[in-house]
Amino acid sequence: MSIPGAGALERFRERGWYGLRMVDPTLPVWIGASLLLVFLMLLPLGWIFVASLRGEQGWSFAGYVQVFTEKAFFKAIWNTLIISFWVGILAVLIGSVLGWLVTRTDLPLKRTVRALVMASFVTPPFLGAFAWTLLAGPNAGLLNKIYRSLTGSEEALFNIFSMGGLIFVMALYSFPYVFSMIANVCELISSDLEDAANILGANKLKIALTVTLPLTAPALLGGFILAFLHSLSLFGAPAILGLPASIHTITTQIWALFQYPPRLDLAAAFSVPLLLATMLLIALQKKILGRRGYSTVGGKGGERRLLHLGIFRIPVFLLVLALLSLSVFLPYWILLKAALAKAWAVPLTWDNFTLENFRFAFFEYGDTQGAILNTFKLGILTATVGTLIAALVAYITNRQLLPGARYLTFFALAPLVVPGIVLAVGLFIAYTRPPLVLYGTIWILFVAYLTKEMPIGFSQAETTFKSIHPELEDASRILGANRLWVLKDVTAPLARTGLIATWCFIFIGVIRELSASILLFTPKSKVVSVVIFDLKEEGQIGVIAVLGILLLVVSFLVILAVQWAMGKEILATRE
Amino acid sequence: MKKIKTTAIGAALLAVFAWVSVSSAQDAALIEAAKKEGKVVWYTSMALPSSTALADLFMKKYKGIEVEVHRTGSQRVLQRVMQEVSAGIKNADVIHTSDAGHFVLLKEKGLLMRYVPKGSESFPDGFKDKAGFYYGMRATLSPIAYNPKIISEKEAPRTWKDLLDSKWRGKMVTAHPGYSGVIMTHVLALVNVYGWEYFRELAKNKLHLVQSANDPAGVVASGERPVGVNGTEYFYYKMMKQGNPIQIVYPKEGIPLIVSPTAIAKDAPHPNAAKLFTDFIFSKEAQQMLADKEGLYTGHPEVTYPKDKPKLNELNLWGVDADELEKRNAEIKKRFVEFFGA
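Protein chains in written order, with the numbering used here: chain A, 1 to 575; chain B, 1 to 342.
Treat each hint with caution, since some may be false.
[Said to hold, decoys possible] Heads up, simulated DSS-like pairs for lysine-lysine below, C-alpha to C-alpha not over 30 angstroms straight-line: (1) A/K337 <-> A/K145; (2) B/K161 <-> B/K309; (3) B/K167 <-> A/K524; (4) A/K377 <-> B/K90; (5) B/K206 <-> B/K167; (6) B/K307 <-> A/K75; (7) B/K307 <-> A/K342; (8) B/K171 <-> A/K71; (9) A/K71 <-> B/K204.
These aren't lab readings, by the way, just hints derived from the structure by calculation.
Sequences and hints are given; from them, build the entire structure.
And the structure:
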């Protein structure tokens with residue numbers, strides 16, 4: 001490991017006083033953004049640390065002792081690790097294959113495939129999990145019913161209320177993260193490198209293994225870690241699929257600890273080791289990949305040719321469609337059916353048809369309208385502010401503008417391992433006391449979302465900056481532009497679509513956020529996801545379906561609007 | 001004599017008239033004050049359709065006063081109330097859960113306003129707090145239920161102990177005392193009769209766990225699990241009436257009775273609207289609606305019930321003491337989780 005900041009020191013030694021005279025006049029901007037980030041992350045995390053040590057009888061390690069000696073807690077940790085590991089693996093498999101197919105082969109209807117991947121991404125995991133309870137509940141699940149009527153078997157084909165079911169559903173809604181990273185990278189690798197290998201006599205497989213794979217390795221590993229951490233912090237899906245089968249994960253366990261009387265100390269103690277684990281993961285990632293160059297593009301040059309799939313073209317396409325029907329077509333179809341049916345488990349005939357669920361959701365149930373308004377207000381606000389901060393911070397860390405910039409990476413990524421609900425506790429404690437009392441307003445949700453979405457925004461922004469070679473900027477700086485100008489005139493145009501993607505990612509992340517909202521909302525500041533979860537706990541299937549469809553429709557409208565405005569694809573942008 | 005009698009009657013009538021007019025003057029003042037406040041915020045654990053139906057009835061009667069319904073499970077209602085209290089937020093006006101123990105706790109902490117709802121004097125003792133802080137606005141049972149399309153009447157469970165038979169493994173659903181006040185009461189009632197051993201045995205049959213006491217009805221109706229080992233009788237009944245395949249079993253040995261109290265928060269931001277709404281809840285009109293449309297039992301002596309519902313006095317009711325519920329809340333949640341795994 002190199003010492004952070006050593007680079008700056010070295011540079012200073014090399015350049016001496018000349019270096020000092022060249023001190024960047026835009027430094028305050030970088031320092032300000034960094035401080036804000038540190039403040040956003042450190043305050044709640046600090047409070048979690050303090051709360052973990054403060055039991056009922058003053059300061060003690062009792063919380064830690066209990067967490068690591070009680071079997072139930074240990075089981076929850078173990079379950080979480082198993083689940084997240086397999087979700088990571090599955091997500092990388094699905095995401096990378098799809099990403100590669102869409103960018104480097106002549107797969108038909110690529111835009112449709114991209115749109116479907118986008119749809120999987122947009123679907124809130126808790127909504128997907130809910131839909132899958134209707135599809136693959138062992139007895140009433142429609143797929144199982146079809147299976148039984150086809151085979152005459154008594155057994156169920158799938159039981160979604162199981163570890164396997166949980167992993168399956170979470171992977172379906174985690175793979176788009178990997179997909180977008182891989183697709184971005186694949187599009188930037190020019191065929192020159194592969195051609196070189198070809199000329200030197202390598203066959204297709206060898207090229208894939210020795211050229212393409214190593215080039216995509218950072219994205220693959222990054223994708224795995226992102227999917228792993230993402231599934232680690234999911235709350236809704238395990239609550240909906242795990243709890244009915246007595247499977248606790250860390251997040252559901254912590255949530256259970258917040259029921260009255262709340263045990264903040266235990267929940268906090270439960271999350272501190274997680275934080276350390278992420279640090280380890282990220283350090284590991286750096287150690288494995290840190291020394292390799294990421295830059296694969298020096299501008300838009302380089303030819304990219306497509307691999308011909310030949311006779312496999314159609315079969316592969318059908319397989320892709322089948323896969324995406326698991327995350328999109330089937331769940332959407334069952335949601336629509338549940339929204340329009342009096343009883344979801346029987347066929348949708350005229351007798352069973354009703355619009356009552358829509359009427360109830362929009363006109364009779366008073367919570368919905370306020371929640372919808374809050375949700376979209378928060379979505380737009382957080383996405384705009386979040387993109388700005390994420391872009392600045394990613395730029396700082398990527399270009400090493402400040403000594404200790406790599407610590408910023410940690411702060412920006414840290415919330416990913418802090419389950420939303422724990423982050424919420426930290427925020428709850430932090431913002432129910434002066435100087436900033438935010439609890440009871442939507443502003444505490446804003447801060448929570450901003451913090452929580454930072455890792456996604458940051459990763460997205462960082463991937464964007466990583467693939468833009470500093471040489472381009474250096475060129476402008478040599479010609480006399482300062483950093484902010486360079487950012488505006490050179491980097492931003494190159495990064496524009498990437499940053500719009502960042503905005504979308506954050507917006508969509510916000511409108512479906514559940515795990516922090518569940519603790520930070522008050523009945524005055526409800527959001528749609530919380531209303532859906534409330535309804536799920538009561539089993540109001542039709543109304544959930546209606547609100548779920550609303551979330552999806554709005555997400556798609558936003559994406560379409562932005563796409564229309566940009567005239568471009570959002571996920572992995574160059575075709 | 002006759003004259004005296006008529007005078008007496010006249011005087012009595014006059015007194016009644018005077019009382020009525022005074023009380024209606026009071027009413028008018030209360031309505032006026034409530035209208036100025038414009039709304040009442042109701043934290044409730046009653047099933048969402050039932051809660052909104054009651055709120056609608058109130059809003060039709062008292063135009064200009066909005067009822068903000070915030071529905072979740074009993075334990076969540078308490079959690080939200082306590083979270084707001086600890087943060088100094090005053091939002092809730094009327095608090096209603098199915099865990100009578102909550103009201104013991106809230107009263108002890110001084111978080112309730114003393115208010116005797118009009119008409120509640122005719123309610124049985126089991127519906128009233130002696131000190132006048134909370135009153136039972138509805139009652140229900142927690143029965144067994146099954147799906148008659150999947151299970152014939154002959155093989156259906158009849159008693160609580162029938163559920164321990166291993167032939168039901170993987171076929172039953174239970175709601176959760178960590179969410180539902182009805183189930184909290186249910187578990188304590190059965191523990192008082194059969195001991196914790198009963199639940200230890202029951203858990204061996206690998207039950208499907210849901211949260212709300214209203215949810216088992218949907219799970220049973222869809223056939224996801226054909227037997228419900230608990231749940232609110234009113235929701236089972238409502239679903240059955242809507243044509244869903246549900247059969248309710250009222251075990252002869254006894255059945256948990258759940259009386260769900262309502263109270264006004266001490267720091268209610270809309271105290272007059274809260275009082276008016278509380279009075280309204282206990283009116284015959286509202287109570288009869290709960291009985292007719294929602295399938296609930298009530299403490300109101302004049303309310304009549306659908307013919308196909310058993311009369312409460314025909315059943316062996318297992319009631320639970322509110323103080324005991326409060327004291328054993330943590331124990332019940334903990335042991336339930338221990339046995340059922342989540």
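Okay, the hints, checked on the actual structure:
no.	hint	result
1	A/K337 <-> A/K145	holds (16 angstroms)
2	B/K161 <-> B/K309	holds (24 angstroms)
3	B/K167 <-> A/K524	violated (47 angstroms)
4	A/K377 <-> B/K90	holds (24 angstroms)
5	B/K206 <-> B/K167	holds (11 angstroms)
6	B/K307 <-> A/K75	violated (50 angstroms)
7	B/K307 <-> A/K342	holds (25 angstroms)
8	B/K171 <-> A/K71	holds (27 angstroms)
9	A/K71 <-> B/K204	holds (19 angstroms)
Consistency with the previously given hints fails for numbers 3 and 6, ordered from lowest to highest.
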